[in-house]
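Read in UniProt numbering, the sequence shown has 11 at position 11, and its numbers run on one by one without any break.
It should be emphasised that the hints constitute simulated quantities derived from the structure, not laboratory data. Where hints are given, some of them may not hold.
What the hints assert, rightly or not - Here are the in silico distance ranges between beta carbons for each label pair: (1) Ile53 to Leu76: 30 to 36 Å; (2) Glu54 to Trp31: 46 to 52 Å; (3) Leu48 to Glu69: 33 to 39 Å; (4) Gln85 to Ala23: 44 to 50 Å.
Stated by the list, open to error - Cut-off 20 Å, straight-line C-alpha distance, at most; resulting in silico cross-link-like pairs (SDA-like, lysine to any residue): (5) Lys52 to His32; (6) Lys52 to Asp33; (7) Lys5 to Ile24; (8) Lys5 to Gln41; (9) Lys52 to Met63; (10) Lys52 to Glu34; (11) Lys5 to Ser37; (12) Lys5 to Val46; (13) Lys5 to Leu26; (14) Lys5 to Ile35; (15) Lys52 to Ser62; (16) Lys52 to Ile35; (17) Lys5 to Met29; (18) Lys5 to Lys52; (19) Lys5 to Ala28; (20) Lys5 to Arg18; (21) Lys5 to Arg30; (22) Lys5 to His32.
Just so it is clear, CB atoms sit at the ideal spot from N, CA and C, and this is done for glycine as well.
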Amino acid sequence: MAVAKYAWSGRERLGLLRVRDDAIVLHAMRWHDEIRSPEEQLQPPVELSDEKIEGALALMESMARDDLEGEEFRRLHRSRRADLQDHGNKVRFRNIQL
C-alpha cells in the first residue's frame with residue numbers, strides 16, 4: 001500500500017494505491033478540508049407526543065394486509081422482463097426464408 005498525490009481535472013488529489021490480483025488500484029481519498037462535519041447534515045431532534053405515536057401506529061395497523069396474493073400484487077417488472085426476453089429469443093432465433 002502507498003499514499004499518493006495525483007492530478008485529476010486540474011486539481012491535486014489524494015489517493016491510496018494497492019495491489020489487487022494483478023493490477024494496481026487507486027482509491028480516491030479526500031483532503032481534510034474536503035470532509036464536512038456530520039453535524040452539518042444532521043436534522044435537529046424531533047419531539048413526538050404519545051398521541052402522535054399512537055396515531056401513526058393506528059394508521060400502520062389500518063393499512064397492513066395479511067393477504068398479499070392475487071393479481072394486484074403480481075411482480076410487474078419481473079413478468080415484463082421475462083416477456084421481453086421471450087420476445088428477444090423469438091426474434092434472435094427466427095428462421096428467415098430468402
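Can you name, in rising order, the numbers of the hints this structure does not satisfy? Structure breaks hints 4, 5, 6, 8, 10, 11, 12, 16 and 18.
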